[in-house]
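According to mature numbering (1 follows the signal peptide of the UniProt record, and there is no 0), the sequence shown holds residues -17 to -1, 1 to 198 in order.
Treat the hints as calculated values from the structure; they're not laboratory data. One or more of the hints may lead you astray.
Said to hold, decoys possible - Heads up, simulated SDA-like pairs for lysine to any residue below, C-alpha to C-alpha not over 25 Å straight-line: (1) 28 - 72; (2) 143 - 55; (3) 11 - 67; (4) 11 - 125; (5) 63 - 15; (6) 130 - 26.
Nothing here was measured: the structure is a model prediction, and the numbers come from that model.
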Amino acid sequence: MQMLTFLLCFGFPFSTAFYFHAGEREEKCLIEDIPSDTLVTGTFKIQQWDIGRHTFLESAPGLGMFVTITTYNDEVILSKLYGPQGTFYFTSHSPGEHTICLESNSTRLVSFGGSRLRIHLDIRVGEHDLDAAIAQAKDKVNELTFKLEHLIEQIEQIVKEQNYQRDREENFRTTSEDTNSNVLWWAFAQILIFISVGIFQMKYLKDFFIAKKIV
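With these hints in hand, go ahead and build the complete structure from the sequences.
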């Protein structure tokens, strides 16, 4: 178990780095499922991409990026305008899905054969800035202390993520059991309806035949 926890520390915190294209004032959003009290760091960089020439262009003056972070219940926890590149931070107050939306503020893209914005985005969940602390370390003892504290933070974040996933699994199991129970009762109700309809039809046909003196 200790070896597994040690290996997990190298895979945690989670990081998602990618790029995507967007047009003028086109909003792009992504959803991150985050535990409570978790630091999320996002780093982005905007480049103007010429589709016809397949090359990067000089960015339009005043090019920036609106970053908006909302929770699953539409609570806005961050809404800010950044420059062509920057880093944003936020801490989740409650577990669940958080929506990260980015939208450029430019409507003056220089275009020859058509151009779009290429946005590089790196999302890190549960990571604290360790490099700056190590750079300020006076000796190896302080450096090892900072690394140990960072390792402890990572282990705590792993435990927090495990507890969050355990709660999600419990909620999912409860929902599944309730659904199965409802399906069972609905099937039982259908059987009763079919039996009642069959009895009513038999009685109706019997009364009809008697009234017509067929039997």
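Self-check item: Hints that the structure is at odds with (numbers, increasing)
Solution: Checked against the structure, the only hint that fails is number 4, while the rest are satisfied.
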